[in-house]
Amino acid sequence: MTQAASTPGATGEREGRLWGYLVEFEGVPPLLEAAEKVRDAGYRKWDCHTPFPVHGLNDAMGVRPTRLPWLVLGAGITGATVGLAMQYWTNAVDYPFLISGKPLFSLPANIPVSFELTILFSAVTAFLGMLVLNNLPEWYHALFHSPRFRRATADRFYISIEARDPRFDAEATRAFLESLGGSPVEEVKEK
Amino acid sequence: MTTVTADDARLDNTLEDPRQRAPLVLGDNDFTSVTEKVCGLVERPRPPRAWYIAFAVSVSLTGVMFAMIGYLIFTGVGVWGVNNPVGWGWAIVNFVFWVGIGHAGTLISAILFLFRQKWRTSINRFAEAMTIFAVVCAGVFPGIHVGRVWVAYWMAPYPNQMEMWPNFRSPLLWDVFAVSTYALVSTLFWYMGMIPDLATIRDRARTRVRQVIYGLLALGWRGSNRQWLRYERAYLLLAALATPLVLSVHSVVSFDFAVSQLPGWHTTIFPPYFVAGAIFSGFAMVTTLAVPAREFFGLKEIITPRHLENMAKIILATGSMVGYSYSIEFFIAWYGGNAYEKYAFVSRALGPYAWAYWTMVTCNVLAPQLFWFKRCRTTPWILMAVCILVNIGMWFERFVITVTSLSADFLPSSWGYYSPTFVDVLTFVGSFGLFFTLFLLFVRYVPMVAMAEVKSVMRESTVEAHALGDYWGDMPHPERHRKTPGGEVKP
Numbered sequence: 460m461t462q463a464a465s466t467p468g469a470t471g472e473r474e475g476r477l478w479g480y481l482v483e484f485e486g487v488p489p490l491l492e493a494a495e496k497v498r499d500a501g502y503r504k505w506d507c508h509t510p511f512p513v514h515g516l517n518d519a520m521g522v523r524p525t526r527l528p529w530l531v532l533g534a535g536i537t538g539a540t541v542g543l544a545m546q547y548w549t550n551a552v553d554y555p556f557l558i559s560g561k562p563l564f565s566l567p568a569n570i571p572v573s574f575e576l577t578i579l580f581s582a583v584t585a586f587l588g589m590l591v592l593n594n595l596p597e598w599y600h601a602l603f604h605s606p607r608f609r610r611a612t613a614d615r616f617y618i619s620i621e622a623r624d625p626r627f628d629a630e631a632t633r634a635f636l637e638s639l640g641g642s643p644v645e646e647v648k649e650k
Numbered sequence: 004m005t006t007v008t009a010d011d012a013r014l015d016n017t018l019e020d021p022r023q024r025a026p027l028v029l030g031d032n033d034f035t036s037v038t039e040k041v042c043g044l045v046e047r048p049r050p051p052r053a054w055y056i057a058f059a060v061s062v063s064l065t066g067v068m069f070a071m072i073g074y075l076i077f078t079g080v081g082v083w084g085v086n087n088p089v090g091w092g093w094a095i096v097n098f099v100f101w102v103g104i105g106h107a108g109t110l111i112s113a114i115l116f117l118f119r120q121k122w123r124t125s126i127n128r129f130a131e132a133m134t135i136f137a138v139v140c141a142g143v144f145p146g147i148h149v150g151r152v153w154v155a156y157w158m159a160p161y162p163n164q165m166e167m168w169p170n171f172r173s174p175l176l177w178d179v180f181a182v183s184t185y186a187l188v189s190t191l192f193w194y195m196g197m198i199p200d201l202a203t204i205r206d207r208a209r210t211r212v213r214q215v216i217y218g219l220l221a222l223g224w225r226g227s228n229r230q231w232l233r234y235e236r237a238y239l240l241l242a243a244l245a246t247p248l249v250l251s252v253h254s255v256v257s258f259d260f261a262v263s264q265l266p267g268w269h270t271t272i273f274p275p276y277f278v279a280g281a282i283f284s285g286f287a288m289v290t291t292l293a294v295p296a297r298e299f300f301g302l303k304e305i306i307t308p309r310h311l312e313n314m315a316k317i318i319l320a321t322g323s324m325v326g327y328s329y330s331i332e333f334f335i336a337w338y339g340g341n342a343y344e345k346y347a348f349v350s351r352a353l354g355p356y357a358w359a360y361w362t363m364v365t366c367n368v369l370a371p372q373l374f375w376f377k378r379c380r381t382t383p384w385i386l387m388a389v390c391i392l393v394n395i396g397m398w399f400e401r402f403v404i405t406v407t408s409l410s411a412d413f414l415p416s417s418w419g420y421y422s423p424t425f426v427d428v429l430t431f432v433g434s435f436g437l438f439f440t441l442f443l444l445f446v447r448y449v450p451m452v453a454m455a456e457v458k459s460v461m462r463e464s465t466v467e468a469h470a471l472g473d474y475w476g477d478m479p480h481p482e483r484h485r486k487t488p489g490g491e492v493k494p
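If you're matching them up, the sequences are chains U and R in order.
Using the working numbering, the first residue of the first sequence is number 460, and each one after it goes up by one.
Using the working numbering, the first residue of the second sequence is number 4, and each one after it goes up by one.
Keep in mind the hints are simulated off the structure, nothing from the lab.
All residues carry an ideal CB built from backbone N, CA and C; glycine is no exception.
Treat the hints with care, since some could be wrong.
Simulated restraints on C-beta separations [claimed, not checked]: (1) U:Ile558 with R:Thr271: 21 to 29 angstroms; (2) U:Val552 with R:Leu414: 22 to 30 angstroms; (3) U:Gly501 with R:Ser36: 34 to 42 angstroms; (4) R:Phe435 with U:Tyr599: 40 to 48 angstroms; (5) R:Tyr448 with U:Tyr599: 37 to 45 angstroms; (6) U:Pro567 with R:Leu117: 38 to 46 angstroms; (7) R:Ser183 with U:Tyr547: 18 to 26 angstroms; (8) U:Ala544 with R:Tyr74: 40 to 48 angstroms; (9) R:Tyr55 with U:Tyr547: 20 to 28 angstroms.
Chain U with its partners taken away, still in its complex shape (with noise of 0.2 angstroms):
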């Protein structure tokens, strides 16, 4: 592993104001239970980054459920009703033609249409919601600039807390981070 072969204080370096602080973790078990300290600890503006996601650490950071389902639960019925609207007021309204004897509108010839793009408008929301809820695409983040963060999406694990966070303090978070179990404390910075 080449990312390995980075020292935690490189980027300490680096200039500019403070955006957190960074600890690693080197499996599941040690970040659930640093996890729990920092939740109990009360702060808001931290999280944790993993190469999976970790079942047990909604719980351990005590986070609320997203609300994207209601999301795609409206998509689902616009596009429902999308569907049979269009249907009926091209075939039924704006263009009546009689082929095969059949009705102009009728729900069972008209389900499949309707169900598809019920399909398509929930599918379609589920994944653009689930970008937007998650601030992405984001292609800048001050986390980017730790060369030790690389490993987040392979085989580490790591707990930021933000220095905007209103609990923040310099020094007394880095204490607290230090106690944790981690690597040693890394400073990142913004720009």
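With chain U held as given, fit chain R onto it using these hints.
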């Protein structure tokens, strides 16, 4: 009967021991080695020689396909074998064949996800890729068989100066909506599943070009838990949406036939029968691709014998469903008492296309019966040979359905025998070129195993205290994470 020990299970994970779950990743792999193995395939400076040879062949075949399509468009549909009474020939057969293949990818990625079949994680990425490439191949055929390709956009309901709208009561238009929705949703699902892995490649990139390209594609993913929360929710929702979608797509494809009045087509069994056949053929194609892929790319510890065996079991199950449908069709043709229906089926088995019918039965019903034997399920070459037969058989199934019914309908004076022309054959062969071209590009530039998902089913990914009673319910490795009373975790 000897006891299965943990060591046996690590070497051969097809052994069943109800006391513990079989490992899904073999060997001494951890998060680092899985990342190295999968990313290494994308990061090596040049692929093996075999890749270049395969790519050259595939691209040439793709060229042949486009040449044939060009010939068709410039000359007219007369270059195909279609004529009265068989107005639907290879184009529709190939379309149904390719769409059906795509379905296994969605089944693996969505339905098995909903059923918490964690073994899917090793194969879902390239099964989904296969779905998309198969749908691309499928999309070519209806596109060109409409005759006047240049007005294919008339199928879309857009306001136009002709003041006309498409006929929404036609199954062919349902097909337009079903297949295009399917193509888009499959692509979204595939891409979304890839975002964390693209971020891994971005973070390991050594050249500026790779950093920029993979960086753009990864959308700035940071693996933050607050992101994972919404990501997983979106993934679950997409899986829940894709599941009825995939069932609807092949049902709608079957409506193209079943809603007509033609003997042999006008049957209510078609939707479930088509869906089972689609999953059957798709799993056969996934296996046909997985066996060489794990061999050539050193992924035997990630795509394990257990994965192959599970796929063989699904092929056996769906193959038997298909066989059952064939017999029920015959039963209903007799029991229904309709003379035309009865003739259509007798003619299928004994008439001029009997050779195609019996090829179909041999490949689809008889060949998969080998999978009752464990040796056949776990020996890669037998598995692959059977799967190739299944793919051949499933193509013939669509040929039999499409062509036999059309060639002999109600009026004997209009009967006729259908033969394809070289243009039909070369277009179909060329579509395999397109499929494999896309697939080879995929294995070269994109992580072909969903690393983040594989890591989440490895034993290191969970601890006892949190796993017990967890919704995901995976058992931790008893040796690796033993919690001491002090809360300290021993390695």
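Comparing the hints with the structure gives:
1. U:Ile558 with R:Thr271: 21 to 29 angstroms: holds (22 angstroms)
2. U:Val552 with R:Leu414: 22 to 30 angstroms: violated (39 angstroms)
3. U:Gly501 with R:Ser36: 34 to 42 angstroms: holds (38 angstroms)
4. R:Phe435 with U:Tyr599: 40 to 48 angstroms: holds (43 angstroms)
5. R:Tyr448 with U:Tyr599: 37 to 45 angstroms: Violated: the Cβ-Cβ distance is about 24 angstroms, outside 37 to 45 angstroms.
6. U:Pro567 with R:Leu117: 38 to 46 angstroms: Given about 28 angstroms between the Cβ atoms, the range is violated.
7. R:Ser183 with U:Tyr547: 18 to 26 angstroms: 21 angstroms Cβ-Cβ, so the 18 to 26 angstroms window holds.
8. U:Ala544 with R:Tyr74: 40 to 48 angstroms: Hint holds: Cβ distance 43 angstroms, inside 40 to 48 angstroms.
9. R:Tyr55 with U:Tyr547: 20 to 28 angstroms: Hint violated: Cβ distance 55 angstroms, outside 20 to 28 angstroms.
Checked against the numbered hints listed earlier, the structure breaks hints 2, 5, 6 and 9; every other hint is satisfied.
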